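Q: Residue strings, one per chain:
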Amino acid sequence: MITLQDIGKTYAPGTKQEVKALKDISLKIEKGEIFGVIGLSGAGKSTLIRMINFLEIPTTGTVEVDGVILNSLAPRELRNMRRKIGMIFQSFNLLSSATVADNIAFPLRLEKKLSESEIKERVQYLLGLVGLEEKANMYPAQLSGGQKQRVGIARALAGDPKVLLCDEATSALDPKTTSSILELLLDLRQKLNLTIVIITHQMEVIKECCDRVAVIDGGVITEMGRTIDVFTNPQKELTRRLVSAVIHQELPELLAHTEIVKEYHEGAKAVIELLFLGPKADAPVIVDVAKECQVSISLLSGNIDHIQKEPFGHMIVEVAGSKEEIKKAIVEFERRVHKVEVLGYDERKQLSEF
Amino acid sequence: MSESSFLNFDFFNNFSRMSGLLWDGTLETLYMVFFASAVSIIFGVPLGVILLVTSKGYFWESPNFYRILGTIVNALRSVPFIILMVAIIPFTKFLVGSSIGTTAAIVPLTVGTIPFLGRLVETSLRTVPTGLIEAATSMGASPWQIVRRVLIPEAMPELIQNFTITVILLIGYSAMAGTIGGGGLGDLAIRYGYMRFRADMMISTVIILIVMVQVVQFIGDLLSRHFDHR
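Here the protein sequences come in this chain order: D and V.
Number 240 in my numbering belongs to position 240 of the first sequence; there are no gaps in the numbering.
Number 489 in my numbering belongs to position 135 of the second sequence; there are no gaps in the numbering.
These aren't lab readings, by the way, just hints derived from the structure by calculation.
Certain hints may be false.
For each label pair, taking beta carbons as the anchor points, the in silico distance ranges come out as [what the hints assert, rightly or not]: (1) V:Arg-421 / D:Thr-10: 45 to 55 Å; (2) D:Ala-74 / V:Ser-416: 19 to 29 Å; (3) V:Ala-392 / D:Leu-73: 50 to 60 Å; (4) D:Leu-73 / V:Val-450: 47 to 57 Å; (5) V:Pro-400 / D:Glu-118: 54 to 64 Å; (6) V:Ile-422 / D:Thr-10: 44 to 54 Å; (7) D:Ser-144 / V:Ala-441: 39 to 49 Å; (8) D:Ala-141 / V:Val-565: 56 to 66 Å; (9) V:Arg-431 / D:Ala-74: 52 to 62 Å.
Just so it is clear, the structure is predicted and the values come from calculations on it, not from any experiment.
Using N, Cα and C, we set each Cβ at its ideal position, and we do this for glycine too.
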């Protein structure tokens, strides 16, 4: 649906203020996909998303949307093309002087294709789509942030676009409202067969709704893949940092003052990190392994999270037993969970022994 | 004491003649201010729009054009109105066939306020967040549609405030135009109030001008609030 080929963007080229905002970006976004781009501020993600509707014109490379190469379009053709690409913004960008209904009708009136009564009908349908039927005659100033973004979404969808671009669309909203907006986007993707591109600095947004994610840093894509893969197996330092912001993977406080060594010695317990994924995430793994191997297992930390509705669990356990028993337990764990990592061995006492 | 009795004498004996003069003067002032305002808005708004859209960061950015136009606007604004009025007499004659009279006065009034209003319009439009322009562009709006459907409606409260300032300025300027045969309340104040020591005439014109300004400001505030939904 969207293909970016060798995109580069340089501001003020040849001067002292020259800034290379994007370097050699190539990516392909499939029809019906929700694609996330995450990065810290200044990484170039705003520039990147603006390439897709040519609000920013690339210095090098080509942009193709729905089979049309935007680079080759005349101004009027580009304006027509932009109507097929909806966009929503962090600051909503609604007209303060127009009512909710008039804001949503805005792109339709620009196009001058529908009659006023047809526009009215379409606006009514769009209001229903985003759940704001009651607010048609209010002004944006009378709405909450979440409602404003819903108006933004209705406006972006007015011209029946195939692509929806979301520029930090939830960054100005509280977590609960953010979730409701993301739910709405997932719902709309289904109903309207939309392709959605989301840029954000909030990992939660990626976690909740993106099929694939690209991590952008210093104007280049450093990591790209299925969200679940990037979350469970981050490659780069920045990605790890971003992931750890939403999924706690640090060692629990309990172990902070205990020495963990690499090698087993008599009487030590193994500290093991377990990752659960998908349908297996709620299986009674710990009890099963404890029974099977005759070891005692204590749980040090654990949580189950969801990535795009798929359960994703993370646990740190301590296994006490002989060297052989522990070895066997590790094999049993490996059979049952997504990933097992032995962090080391320690001689921590039980809490009750203190 | 003697001065106050002189004042009273005039008030009662010349009341009907005086009120006739004041009525005519008021109408002449309203006529000048109305048409000068209308013409100033007709030219000043496009001037302001052009200044804005050619400035840095807007869709027809053109630093050289903006600098030249900006310099012309500033130059016109720095000429004191009373001098401008005399200096453009040939232009006025060319346009209306005469340099004397109420209609002729509209020409310098307009020339004096267009650059002033142009700058005010530019600053009004600048208050519209650029995100709105970006959003409209993303929806396929043409530059003209952005001006007409985004910039002007969104800046309407500020525009009306600035139109009000301009109309009030024109009320003041129109009194000056009176001194070169433009008629109106300023003319009365100078000819009767100043040259013939008619303090009653002077006070009456000043009161009428104060009332006029108050009414204009009141209407301006009312309209501005009407358009403000922020």
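Q: Determine for every hint whether it applies to the structure shown.
A: Hint by hint, here is what the structure shows:
About 26 Å separates the C-beta atoms of V:Arg-421 and D:Thr-10, a value inconsistent with the hinted range of 45 to 55 Å. Taken as a hint, the range 19 to 29 Å holds for the pair D:Ala-74 and V:Ser-416, whose Cβ atoms sit roughly 21 Å apart. Checked against the given bound of 50 to 60 Å, the beta carbons of V:Ala-392 and D:Leu-73, roughly 42 Å apart, lie outside it. Between D:Leu-73 and V:Val-450 the beta carbon distance is about 50 Å. The supplied range of 47 to 57 Å therefore holds.
Against the hinted window of 54 to 64 Å, the Cβ-Cβ separation of V:Pro-400 and D:Glu-118 comes to about 33 Å, which falls outside the hint. Range check, V:Ile-422 to D:Thr-10: about 29 Å between beta-carbon atoms, so the 44 to 54 Å window is missed. Between D:Ser-144 and V:Ala-441 the beta carbons are some 58 Å apart, a value that contradicts the proposed interval 39 to 49 Å. A C-beta distance of roughly 35 Å is found between D:Ala-141 and V:Val-565, which places it outside the suggested range of 56 to 66 Å.
A hinted range of 52 to 62 Å for the beta carbons of V:Arg-431 and D:Ala-74 is inconsistent with their spacing of about 40 Å.
In summary, the structure is inconsistent with hints 1, 3, 5, 6, 7, 8, 9 from the numbered list given earlier, while agreeing with the others.
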